[in-house]
Structure formats: structure tokens, C-alpha cells
Amino acid sequence: MHVSLFVSCLVDQLWPTAGTATVEVLRRAGCTVDFDSRQTCCGQPAWNSGYRRDARKLLERTVSLLEQSDAEAIVVPSGSCTAMLRHAPEVLADEGPLRERADVVAARTHELTSFLVNVLGVEDVGARFERRVSWHDACHGLRELGIREEPRRLLRRVEGCELVEVTSSEECCGFGGTFSTKHAGISVAMVDSKLEAVEAAGVDALVSSDAGCLMQLGGRLERRGSAIEVLHVAEVLAARGSA
Amino acid sequence: MSTLRPEDFRSNASEALRDDVLRGALRKATDLFGSQRGAAVAQMPAWEALRERASAIKAEALATLDVQLERFEERARANGIEVRWARDAAEASEQVAAIAARLGRPTIVKGKSMTTEEIRLNEHLEREGHQPVETDLGEWIVQLAGETPSHIIAPAIHKTKGQIGELFAERLGIPRTEDERELTRAARNALRESFATAELGVTGANFAVAETGSILLIENEGNIRLATSMPRVLVSIVGIEKVIPRLADLQVFLRLLPRSGTGQRLTSYQSLLSGPRAGPDDDGPEEMIVILLDNGRSTLLGDDELRESLACIRCGACLNSCPVYREIGGHAYGSVYAGPIGSVITPGLQGLEKTSDLPFASSLCGACRDVCPVKIDLPRLLSRLRAEAVEGVGASPGLGAPPPRRLERAAFALWSWLAADSGRWRLAIGAARLAQRVGLDSLAPPARAWRTGRELRPLAARSFRDLWRTNGEDRQ
Amino acid sequence: MSARDEILARIRAGLRGANAPPAVGSPAVGAPDGLDSPAERVAAFSRNLTAAGGHLRVVRGAEQAAIALGELVAQAGARTIALSDSPLVGRLSAQLDGPELIDATDRAGLLEADLGASGVQHAIAETGTLVLETRSERNRLVSLLPPRHVAVLHADDILATLGDALAAVDPGGTGAASRAVTFISGPSRTADIELVLVVGVHGPRELSVILIDPRHEPPTP
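Chains as they are written, first to last, in my numbering: chain A, 1 to 243; chain B, 1 to 476; chain C, 1 to 221.
Just so you know, the hints here were simulated from the structure itself, not pulled from any lab data.
Please note: incorrect hints may appear among the correct ones.
[Said to hold, decoys possible] Here are the in silico distance ranges between beta carbons for each label pair:
(1) 26/C <-> 36/B: 27 to 37 Å
(2) 157/A <-> 444/B: 41 to 51 Å
(3) 72/A <-> 451/B: 40 to 50 Å
(4) 218/C <-> 164/A: 50 to 60 Å
(5) 103/A <-> 195/C: 46 to 56 Å
(6) 197/C <-> 174/B: 16 to 26 Å
[Unchecked claim] Per the computed footprint, the stretches of chain A lying under chain B, defined by three or more beta-carbons under 8 Å from a beta-carbon of chain B, are:
(7) 4-15
(8) 39-51
(9) 56-69
(10) 108-115
A quick note: this is a predicted structure, and the numbers were derived from the prediction, not measured.
Glycine included, each C-beta is placed from N, C-alpha and C at the ideal position.
Assemble the whole structure, with the sequences as input and the hints as a guide.
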């Protein structure tokens with residue numbers, strides 16, 4: 001299948017290895033991947049901060065770029081940005097041509113793990129990763145898109161990888177975009193509460209699908225001097241050795 | 001009275017984060033209520049259908065609110081209830097104070113009511129020389145301590161039994177104890193005296209039924225039954241959004257509310273009250289007065305999006321599920337309505353002028369929306385209020401004028417200008433990388449705030465688009 | 001403009017253009033199935049009453065009910081019993097030997113009574129709930145003030161669901177209608193101090209139901 005990658009601005013600039021890993025995994029699953037390097041940000045941070053005009057401007061631009069691709073699917077290694085694109089129709093217009101164009105783009109847009117499992121029907125991506133890992137359900141993937149089982153199914157098929165479920169897997173990490181800096185104290189308290197169970201589980205790595213969450217979880221773990229590594233799910237799915 | 005204000009949300013929250021006792025108690029309470037709720041919901045296969053139904057009933061009631069209220073008024077009057085209306089907190093409080101004055105400064109017993117907390121009825125009554133006594137155990141503890149409730153379901157959750165033991169020893173003159181049963185018995189005895197002499201009972205209501213002109217009150221303790229059946233006069237202050245069309249609708253809410261709040265199949269007591277006593281051979285008040293309160297609700301009603309928040313049935317599930325509330329508790333919000341729903345209705349009722357921090361006190365994780373028994377889309381409403389706070393997007397006149405956020409606004413305008421063009425975007429990223437290399441990034445307030453508790457992941461030396469250009473597109 | 005007219009005017013102005021279709025269909029969503037027969041209703045009621053913290057004694061007739069009441073009074077060591085004006089309660093208590101009997105009008109006595117006895121107008125199998133209506137009986141304070149409440153229920157009055165109970169009660173305030181309908185599921189309870197459950201905070205700490213069920217087969221010894 002021919003897919004177009006919307007890599008998200010955070011992955012692009014902060015977690016590029018998640019982007020290259022996404023491409024790798026998609027190709028292994030039999031896709032051809034194209035990437036329009038004119039893409040920037042979908043506008044989600046502005047939208048969630050209340051700056052709706054700025055957000056609409058960026059979202060409309062993103063929709064205009066993505067609709068130019070002849071790919072059958074648009075794949076995003078982020079639940080948050082996928083949710084923004086899925087909501088594009090109602091964010092951009094109540095009706096009219098723009099709404100229709102956004103509808104077409106939204107219908108083609110998929111979060112990476114959901115795309116692999118639900119669209120391609122692939123669970124074993126031929127990965128090998130010999131570590132104990134725990135999964136963090138990124139809120140927008142889980143609650144906006146209903147993605148719960150997909151990443152777990154993929155991780156369970158990774159050779160050598162042990163998936164350890166923790167009670168706090170569905171708890172928010174406290175990132176929340178600008179929330180993480182506007183209310184830094186609360187945000188840190190939230191990530192600490194979440195990490196308690198993760199650290200108790202004795203895992204090597206915490207895996208998730210949103211770069212924002214990974215920044216938050218990783219930044220806090222590093223500050224706490226923890227040895228737990230944070231990884232984007234694509235990095236695990238692309239792994240071929242004992243890393 | 002140690003009343004915190006919504007405009008001080010940031011400092012209130014910081015204070016709460018430093019209070020380990022509070023946070024331990026919060027964790028315990030929210031975990032317990034959350035797990036009990038989960039267990040109760042798991043045993044109700046029709047849960048989603050129930051939520052749909054409740055949401056539809058509330059939408060119907062709100063869309064026809066004028067008709068429902070007129071019907072309620074007509075039926076309640078036919079039942080012998082005196083129905084009054086109050087535009088705002090002051091009007092409602094004055095009406096209650098006037099009734100108390102007519103009764104000659106009687107003992108006033110109160111049932112737990114968010115609405116009377118909202119209008120600060122106790123403060124008003126005390127200023128007028130009356131002595132309202134809260135009778136819900138948690139509310140009474142909080143009142144004795146000169147504090148305010150911190151949780152809808154468990155008002156005194158922030159206090160330990162040690163603190164309560166000390167408080168009772170000091171205020172009731174009983175021997176100091178930390179035994180919950182003994183403390184509860186002491187409260188029962190003390191409050192029985194108030195009930196025995198009370199001439200005036202004051203309550204809220206969970207629902208008002210238009211079809212029959214009745215109000216329904218839900219509780220576990222029995223203090224509301226006492227407050228509504230012992231005093232000579234009963235005044236119930238009911239928000240106008242509490243009205244539902246039909247008596248039969250109550251079964252939907254009775255299946256949802258206790259399960260959502262405490263995980264109970266049903267609370268110990270529901271009182272469906274439709275009028276004063278029938279005659280001398282009957283129990284109950286001689287006079288029953290219902291005050292229908294607006295106090296900003298009609299402003300929320302007039303907003304097509306925010307109207308949804310009036311469907312709230314005050315179960316507290318969104319508080320228990322909220323990762324922000326779970327860390328800071330109810331007091332920090334500076335409003336009787338805390339948590340996600342509080343961050344919507346407090347600005348809705350008071351305007352954004354002093355409450356504009358509240359809609360931002362959320363990571364928009366959506367846990368609240370998943371548990372809401374009436375399916376209020378809280379993240380969407382919070383997001384809408386954020387837009388109101390920064391841009392006045394819907395320009396709802398009732399929401400007032402929030403303080404300007406010039407710097408942030410400029411930052412987002414710059415961001416969107418840069419991101420609107422890939423050339424500019426590349427240049428901006430290059431500049432940011434350079435700034436990072438020489439340490440200038442630490443001047444940015446968000447970076448500084450981030451680093452208060454976390455390491456900041458640096459911009460990658462080579463972005464994905466750089467890597468794609470060199471390795472990506474030439475393959476396959 | 002009066003407060004009433006102003007509020008209604010604000011509401012009408014706010015609702016201009018708003019519309020929501022009436023919530024159609026039956027509100028009996030989530031009502032349990034399988035409560036069609038009296039036996040099923042009795043079984044479910046018993047289960048749910050017990051789960052809610054109530055106690056149950058099942059008897060076959062009034063005579064046994066009077067004995068059960070006597071036993072409950074003796075167990076509690078109750079010296080003062082407050083009675084509702086239900087004729088059935090009057091008959092059952094006539095055989096009580098020993099305790100002082102007071103009636104529902106005696107408010108000072110009610111505050112001191114050890115046990116209150118009332119009838120029950122309906123019960124709800126779905127939730128194990130007793131429904132007390134004031135049109136039938138003076139029951140509000142008798143069922144509330146004493147630390148123990150004994151309620152006498154006929155099996156035929158057990159309805160299946162909350163919806164059935166709402167359809168059965170008459171809460172209109174005029175004439176013979178009930179000014180108060182009280183739904184009771186278990187004892188008075190609180191968890192306001194460190195979330196520890198304590199019963200009997202304001203109302204009865206003990207709720208006992210004497211269920212008169214002529215179809216009841218006592219377990220063979």
C-alpha cells in the first residue's frame with residue numbers, strides 16, 4: 001500500500017529516530033512511503049491552548065498538503081496529531097467545500113499502530129527487542145481514537161520483548177502540551193504518580209506512541225536519575241537486535 | 001473562614017502540592033471511589049445506553065427549560081409548595097434570611113447542598129445573625145473547622161481522623177479519640193439536639209420533577225431526611241437546571257448517579273418531596289418553599305456549546321478520574337465546583353475575569369469524559385473556554401473580560417506564522433538549534449518552567465526531514 | 001420585572017434557535033430482566049436488601065410476623081418501641097410483652113425510642129429498596145429517629161424495578177397523595193471520616209425487614 005507520512009513536528013525535531021523507524025516498519029509491512037517535506041505542524045498545540053485562529057490556519061494548510069498526496073493512507077506516529085486531523089472537519093467548517101476536503105483527509109488518516117493492525121492486518125512486524133517494557137497509553141490515542149489493544153498486540157509479537165502491564169498505564173503522564181509548562185508543578189506531580197507503578201514494575205523501558213508523552217516521561221525519569229529508557233513504539237517495532 | 005479564590009489557582013495548587021497529608025488522603029479517596037465506580041459499572045451491561053438516555057433527557061429538559069420550569073411551578077404550587085425565584089446568590093440568600101427572621105432566629109439545620117455553598121448562604125445567614133448548622137457529617141466537620149468542602153461526595157476528605165478527633169475534643173468537649181465510630185456517635189448526639197429544636201430546614205435538591213412538582217434528594221446519612229421532616233419550615237434551593245420532565249425519568253438517573261459517585265447500587269435514602277404535611281396527623285414541615293435559582297445558569301444556557309455543562313448531576317466521578325484533581329484536591333480551584341466540571345461551570349457562572357486559569361488546569365486527557373454519566377464532553381468545553389480566555393472566540397457576553405495574555409498570544413502568532421511556510425519553518429528551527437547550542441533557550445519561560453522538574457530533550461542535530469532527504473526517499 | 005419573569009425571559013432568549021428532540025423511548029434502560037414471577041422478585045429483593053446491609057426475616061403469616069417482631073425487640077433489648085399508624089403494625093405489636101409502646105405523634109418519645117416499626121407500601125427487587133408513602137401511613141419519623149427500624153413487608157408488594165416503583169407511587173401533593181415518598185436501602189451510613197464505613201450516623205444503624213410471604217417454604221431442617 002502506498003502511504004504518506006505525516007511525521008508530526010515533535011517527532012521531526014525531537015525524536016527523528018521515531019520517524020525513521022516508522023518508515024522502516026511501514027516498508028517492512030509492505031508499504032511504499034512518501035513524505036512531503038513542506039509539512040510543519042498540524043496546529044494542535046495552538047488549538048489546545050485556545051488560539052483557534054492560529055490553529056485553523058495551520059490545520060487548513062496541513063489538510064491542503066496532505067490531500068495533494070495520491071497515497072491511500074496518511075500515517076501518523078502520534079495519536080494526538082491523528083486526533084487533530086480526524087477532528088479537522090468540525091474544527092475547520094460546519095459545511096462547505098473545506099469541510100468536505102477535511103472529511104476526505106480525516107477518513108484517510110491513521111495512527112501508526114492502528115494502521116498496522118486494523119488496516120494492514122499486521123501484528124508481527126519481524127522485530128526483535130530483548131527487553132522488559134511497559135506501555136503508556138497516550139491519552140489522545142486511547143480516548144479520542146480508542147486505541148488500546150493495537151500497540152499491545154504488536155509489542156507482544158516482538159521477539160524477546162516482555163510486555164509488563166502496570167496499573168497506571170492509562171493514567172495521563174501530565175504532558176498536555178502547554179499545560180506542562182503553564183502548570184509545571186502539577187504536571188510533574190502527575191508524572192511522578194504515574195511513574196510509581198512503572199518503576200515498581202522493574203522494566204527496562206517505557207514505550208508509547210506520542211513524542212509529547214515521551215518527552216515528559218523521559219525528562220522526568222532522567223531528572224530522577226532512573227535507568228528506565230523511553231522509546232517510541234516505532235523504535236521498538238523497527239528493532240532487529242538486542243539493542 | 002479560609003476561603004480560597006479561583007484567581008489564586010496557581011498559588012493554591014502549589015500549596016496543595018506541598019501538603020502530603022492532603023495528597024495521601026486524596027489518593028486514597030479518589031482511588032476508592034474510582035474502583036468502586038468501575039466495579040458497579042461493570043455489573044451494569046446497559047451502562048452506555050443509560051448514559052445516552054440520561055444525556056438525551058437532560059438535553060430535552062434544557063432545550064425546553066422555560067416550559068419545564070413553568071410546569072414545575074404550577075404543579076408544585078398545586079401541591080401546596082411556595083415557589084420563589086432568585087436571580088442571583090444575594091437574592092436567594094436574602095429570601096432565606098427573611099424566612100429565618102420571620103421565624104424569630106430559629107435553629108437552622110442544613111442538608112448537604114452544593115447550591116447553598118455556591119451562593120455562600122451560611123456566610124450571609126451568619127452576617128444576619130443566624131446560626132445555620134451543617135448536618136452532613138463531612139460538612140459539619142468542615143464547618144466546625146471553619147473550612148470549606150474539598151470533594152463533592154466526601155467534603156472532609158482532606159482531614160485525618162486525628163485532626164477530627166482534636167477538633168471534636170476542642171469544640172464538643174468530648175475525650176480525644178481517633179475511633180471513627182465514636183466520632184460519628186458524638187456527631188450524631190450533637191446534631192440530634194439541633195434537629196430536635198430546629199424550626200427551619202434548608203436543603204438543595206438533586207432533581208426537580210416538572211410532571212409532579214416534586215423534588216428528589218439523595219443521601220446516605222439520613223440528615224437530609226431529618227432536615228426535611230423535623231423542622232416546621234423547609235426551604236429548598238434548587239438550581240433551575242435541576243428540572244427533569246417526567247417522574248419516570250428518575251429511574252435513569254437513580255441507576256447512574258449512585259454508581260458514578262460511590263459505586264453504590266442505590267444510596268441509603270432518596271426522598272421524593274411533593275409538599276408540606278397534609279395535616280396535623282402527618283409528619284413533615286408545615287410550610288415548604290422552593291427557591292428556583294438562576295445565578296448565572298441562564299448565561300451558560302444561552303451558549304449552544306456550554307449549555308451541555310448544565311446537564312451535570314454532581315456525582316463527582318470526573319473529580320475522581322481527573323489526574324489534576326487527584327494531585328491538588330478541591331480547595332485549589334477556589335470554588336465550590338472543583339475538578340473538570342468545576343473548571344467549566346465556575347467560569348460559566350462567575351465569568352472569566354477571575355477564573356481564566358481554571359480551563360487551563362487540565363491536560364485534556366479525557367478521563368472525565370469517559371466517566372461522566374451524562375456524557376458531558378468536558379475536554380471540548382474546557383478547550384472552548386480556553387479559546388474564550390485567550391481570544392474571546394465565541395464572545396459570549398456573560399463570560400466577561402479575561403485578563404489579556406499578550407506574550408503568549410504573540411508567541412502563538414509567531415509560531416503559526418513560522419509554521420505556515422516550510423522555508424520559514426526550517427530557518428526558525430535552525431535558529432532554535434543555534435540558540436540551544438549557546439544556552440539561550442533557557443531564557444524562554446516555558447523552557448525554564450519545564451526544567452523545574454524535568455530534563456528538556458534537545459532538538460535533534462538532524463531532524464527527520466534532514467534524514468529523509470539523505471537516506472529516505474532514495475530507497476525503494 | 002419580577003425575578004421570575006426576568007429569569008424566564010433570559011432562558012427564552014438563550015434558547016432561541018436551540019432545539020433538542022424529546023428523549024423518546026422507554027426510560028426503563030438498564031432495568032434487570034427475569035423478575036417476572038413473585039418468587040424471582042422475592043429472591044432478588046432478599047439478595048439486594050442483604051447486600052445493602054439490611055436484615056431479612058421471612059415468615060408465612062401475621063402470626064409468625066408478630067413472633068419475629070417480638071424476637072427482634074428482644075434481641076435489641078428495646079424498651080421503647082415507636083409505632084407507625086399502620087393497622088398491621090398495630091396488630092403485630094399488640095402481642096409484644098414488656099416494652100413501652102409509643103405512637104408516631106409523640107416526637108419527644110420518638111427521639112428516645114429504641115426501635116421504630118412501620119409498614120412498607122412497596123419494595124423494589126432491583127435494588128433491595130423499601131418504599132414508604134405518607135398517603136398510607138405516618139412513617140417518616142418512626143422509620144428515621146430510632147436507632148433500629150423494623151419494616152413489615154408483604155411479598156405481593158415487591159415490585160421488579162425502580163421504574164415500577166415510580167409508576168406505583170403517587171407523589172402529587174393534593175388530596176390523598178403522598179407528600180413524601182421515602183426510598184430506603186439499608187441502614188444510615190457515612191464514610192466521611194477517612195472513608196471508613198460507619199452505620200447509624202443520623203438514621204437507624206439497623207434495618208430489619210419482616211417479609212410476609214405465604215408462598216415461603218421454610219428450609220427443611
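Here is what the structure says about each hint:
no. : hint                        : result
1   : 26/C <-> 36/B: 27 to 37 Å   : holds (28 Å)
2   : 157/A <-> 444/B: 41 to 51 Å : holds (42 Å)
3   : 72/A <-> 451/B: 40 to 50 Å  : holds (43 Å)
4   : 218/C <-> 164/A: 50 to 60 Å : holds (54 Å)
5   : 103/A <-> 195/C: 46 to 56 Å : holds (49 Å)
6   : 197/C <-> 174/B: 16 to 26 Å : holds (21 Å)
7   : 4-15                        : holds (count 7)
8   : 39-51                       : holds (count 11)
9   : 56-69                       : holds (count 3)
10  : 108-115                     : violated (count 0)
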